[in-house]
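*Asks:* Protein chains in written order, with this note's numbering: chain G, 419 to 812; chain C, 259 to 661; chain V, 621 to 1134.
To be clear, the hints were calculated from the coordinates, so they are not data collected in a lab.
This list has only true hints and no planted wrong ones.
Only pairs whose alpha carbons sit at most 30 Å apart, straight line, appear in this in silico BS3-like list of lysine-lysine:
(1) G:K776 with G:K611
(2) V:K832 with V:K1025
(3) G:K578 with G:K758
(4) C:K430 with G:K636
(5) G:K578 with G:K563
(6) C:K442 with G:K578
(7) C:K430 with G:K644
(8) C:K364 with G:K758
(9) G:K558 with G:K758
(10) G:K563 with G:K758
(11) G:K578 with C:K364
(12) G:K806 with G:K776
(13) G:K477 with G:K558
(14) G:K636 with G:K578
(15) C:K442 with G:K558
(16) G:K558 with G:K578
(17) G:K563 with G:K502
(18) G:K806 with G:K502
(19) G:K636 with G:K758
(20) V:K978 with V:K1025
(21) G:K657 with C:K430
(22) G:K776 with G:K644
(23) G:K644 with G:K657
(24) G:K502 with G:K558
(25) G:K644 with G:K611
(26) G:K657 with G:K636
(27) G:K578 with C:K430
(28) V:K832 with V:K978
(29) C:K430 with C:K442
(30) C:K364 with C:K430
(31) C:K442 with G:K563
(32) G:K563 with C:K364
(33) G:K558 with C:K364
Partial pick of chain C residues on the chain G-facing surface, computed with a CB cut under 10 Å:
(34) L307
(35) T429
(36) L433
(37) S519
(38) G527
(39) S570
(40) G576
For every residue, glycine included, the Cβ atom is placed at its ideal position computed from N, Cα and C.
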Amino acid sequence: MRRDALIPQRTAAATRRAVLFGGIAAIAAATLLPGCSTQKPAAGPAAGGAATPATPAAKRFIFLTNGDDPFWDACNAGLVEGAKRFDTASRGIRVVMEKNNGTAQGQIEKLRQFGSQSDVAGVAISVIQAENAAIVEEMKNLAAKGVKVITVDGDVNRDKFRDARPFYIGTDNIVGGRLLGLAARRLLESRGKSSGGYVQFAGFTDNDNARARMNGFKEAVGDGFKEVDRMADEMDLSKARDNVRTALVNHPDLTALVGIWAYNAPAIAEVTQERGVRDRVTIVTFDAQASALNHMADGRIDAMVVQNPFEMGIQAVRLLQALHAGDAATVTEMFPNQGKADGDIFTTGLRLIHPDGKTPLGGPDARPLGIENVEVMPLPAFREWLTKYGLTSS
Amino acid sequence: MPAPHASPRGSFLLRPGEWALVAAILLAIALTTIVDANHSYWFRPLESLRDIARNTALLGIFALGATVVIIAGGIDLSAGSMIALSGTICATTMLALKPAEMIGFKPVGPAAVAAGCAASLLAGFLVGTLHTWLITAVRLPPFIATLATLVGLRSLARALCESTTAALTPTKNALVNVSDPFFKAVRDNVWIPVAVFAVLAVATWLVLTRTVLGRHLQALGGNEQAARLAGIRTDNVKWFAYCFGAMTASLAGLFYVANESVAQPALQGRGHELNAIAAAVVGGCSLAGGVGTVPGTVLGAIFLRVVIDAVSKIIKTGADVYEGLIVGVVVVIAVTFAQVGQIARGGRRLLPGALGLCAIPTLALLAGAIVAMTAGPRAGLAAGLAAVVLLGMLRLWESRTAA
Amino acid sequence: MHRPEGSTTADAAAPAVSMRGITKRFPGVVALEDVTIEVRAGELHAICGENGAGKSTLMKILSGVYQPDDGELAIGGRPVRFAGTRDAERAGVAIIHQELALVEDLSVAANVFLGREKRGPLGLLDDRGMQVECGRLLESLECHVPPGTRTGSLRVGDQQLVEIAKALSLDASIVVMDEPTSALTEAESARLERTIHRLLARGTTILYISHKMDEVFRLADRITVLRDGRHVCTVDRAATSPRQVTGWMVGRDVADHDGGRGRTRGDRLLEVRDLTLPWPEHPRGYRLADVSLDLHAGEILGVAGLMGAGRTELLETIFGAAEPTWTGVIRLDGRPVRFHHPREACAARIAMVTEDRKRLGLFPDLDVAGNVSLCSLRDALEGGLLSRRREEELVAAPIRDTGVKTPGPHAAITGLSGGNQQKCIIGRWLLTRPRVLLLDDPTRGIDVGAKAELYALIDRLCRDGLGVILTSSELPELLALADRIVVLAEGRLTAEFARAEATEERIMQAATGG
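Whole structure, please, built from the sequences with the hints as guidance.
*Replies:* Spelled out as structure tokens, the structure:
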């Protein structure tokens, strides 16, 4: 036996342990250490942070969303544009977007995290549950620490929690719902239908913007048509499709299907195609995912009410910047009616998109819809607008 | 035959693995303080401490339940769904007793709150009984029985929520808002869940180490057949274990509802049972049963939450994308580290033969990928190479010592 | 006698196995201390020692399961170091463990070739070839089991031959057998001995661990005795006697057990009438049929029988651990009882020490005190909570009375030798102050010295008024201990003998159904 084998196993073991520990610590450190580097390349972390050029930034404006969706990508593009336009970098501020996992707890935890980190200057949040008091409390806690908090796209319940935030930027979802309802009604009438049932599909039925849209739609489409059901899919895309299938089976003579959130549009279009019932139903949807636009081009969607998340992004940066810098002039410019009812809302415009060709909605002979601040566009024109800003969806 | 190992003790001193956990927690905190660009732990310690304490308490409450079940030789996969069911039962009970107040966001009064909480805990007891019945009378393996309740209870909760709201409120709803000042007080005061957790931990520790029932639990988990033949009524001991597991999950559910001010059965607590099991295992529980301590689980819960917070502090934006990966890596490292003593003593090799050779590039790729995604390709490459070098050295060292 | 002619002097130069200065430590215990042993080629070298003496550890080092902390190993004169069992196999060492290491769900042939499977031309498993080869090996061992049989369905004796076949297929020149006859019947032991002779005739070196003196003195050429991890002596068989060897093993002179002289039989404690335990899955239909017996205070009732005769089932039924489907009557102190759970039997002051302590008796995660106190925890309470101090006081007596050798009450139970573990379990039950003690093969795998101590203990308990039912596979033991012996064969009670009229042949005849 060699001499070194007679070394008591203990020191050999202890040295081995040290090497092991050292190795693990080194790997762990190598993993975590780079996270501290603020010199992120332009490609940036996968979360889609809107990275500004490589100067180390001292503060952040954070846009907190609900989940993954091309809608938020368009918004992100708006954030980038806004950061450029209003030159946030020169004030040492980075604009980033944070995604949530679709739960209230996720938003609450994130708001708490923002509160415990000292480099957050402003937060724009799309609230996932309008009546959730815990989210409201965290928003207020943040505001108490001096962080500027506004809501964008998804607001809190304004009757109860108005004081949670000074301002809201986004679509007036009731108006949006009404717009879609009117469009649906006009389409149905032009097809000779004055009564029938319809089903509305959304991610959550108790989310503020979803509810507002659905109520607006119901109001505008009129009592001649019956709202048979509101189906929620909790942002699960395969569930969204299953809901459409279930609706078609349970109510065989539906006249219309209404998609409330962006991904409901392609779900409805594909399933009606799959079931071969396209001719029997009128399909109207919200928001313009790239795939939804293709469906409309192929004739599977009849009308689309499109928000302007790009604009929301730009305006969110503008407002946060103004609030942070104490720029009262810009704030008044954006919100001329402060103090009055609805004076805390900045509506980003709506568009009604219809397929190219003859349609009761657009064209020179179309009757006006009776709603302000709405742009009616045929699909090709809308696609041009998208390309102009480098977007694929809205 | 493995070499004999040291026996557990019921004294106040921690076992070596637990001291190692304490060291790991302190190391993680130190690392975060330094590496975080804001040095939030240094400048604003209280907020982070409060958040970590709250999250640890919430996790720890039902991690204690998981520990007892694991020590008894079973497993409970349904804790997350029990949380959802418990929250829903509490909210719907209050809704049924005081519908107008609940809908109107007004206080419902202490009686309704008490009824809601009692109903939740009772539900926990019933679910624990169901588990025990399935496992002892129907003879389902615990994995299967609790897998069934994992999916079943959540669905039950959703159905309960929708039917109750359909009956008592203007519209059918998938969640119930809870705004009573009692729950708000629980949400606002971190010390309440922390105190409840502390009391529960001490009580569980007492039972496990200093009562006949605790000894029977250990015996059952260590050798079920022998326990029965030693005159232990194993079915009753299991009943206690599973009821304790489900009732702690119920209690946690009440805190979840308070924390979120809403009972949302579809999503609440989803996947959280795995966090509880991870905390128990990192703290030294053996899934084979018979081994585990309360201090270990408490430390394991603290460790997990500290690591998750560290990830958020260091990778500021988009941290949750990496959270799962890092927690997974850390759990593996923690459990491996706990065995380092055994590895060194028993002459066991971490990188043996062809398997070890293949493991080196796999681990290096993993480390390199994580670093590349967070800090850019060059850092990633550097990390990967560093890993290859370190692991290669380890392998050479092992072959030399064994030869 | 066993060796081929003329090989003695030539092989004396290079011993087949040489282990010098071997030391092995486990946490808390030194298993081997500077042990040196040389085995000549082609001899049958017996290794004797109490449990805990280190025999198994030494052999596991030889076969590559453990690595020594100190010392050198040489095979055929060449120094070697085994990192694992594979290295040992390559050097020609095969070990047949006491606890068989077979995969129950695989076939016999698969087990024999496990890890060294034959492959066909395409690289796929050559099952046919393996079965043929395996069949050949088994035939040479007088085993007529078809090679495709599922290993788990074989009797223990046949399973052991499968292990030997595995060793043969390795072409091992050194075969280690660890207590091979502990689970065999007489016929199977005889068959094994014939096999051993055949192996020796081929020139195989055999190391044979046993503490059965009759076997050792029939088979061995030389005997090495280990005690407490140290080498005591190595002698030629012809130059010594069983009593001398036993004396070396124990370190003192061991007298024969005196056989229960002077024990008085008291009142009838237990009465079993027409006990029948159904067994639906089996063609026979029952595990026990119409078994009747009596047990009095102060007596030892021995239960003899082959494996599968129903001895364990009998005890389990009395203890309330069997399925509650049995019919018949069990009376305790004249009152009929029907226990549905061992707890009820405990409450009625019946205790059972199970066979297979590792599977059914020990709690590996509890320490010695925990294992001993388990049935009497109420007596360790102080103010409603378990007190460490009270527990230690509680277990001190049984540990002392049964003679457990342990570093302390909080040592790991897994670090104790088999004999000491068994004493702990007996101590556990003694704390419950039973009136009826059921012992299922209590001295299995226990060395001579510990056995003697156990016999004395059981004798003492009987004198104190306990009634003991004792099963055993060792007839000499039953003959020495029991006042009366009943014999089970295939679930039926075929004979009952008083001490005076019992002989091995008569018992064997009754056990085999004659």
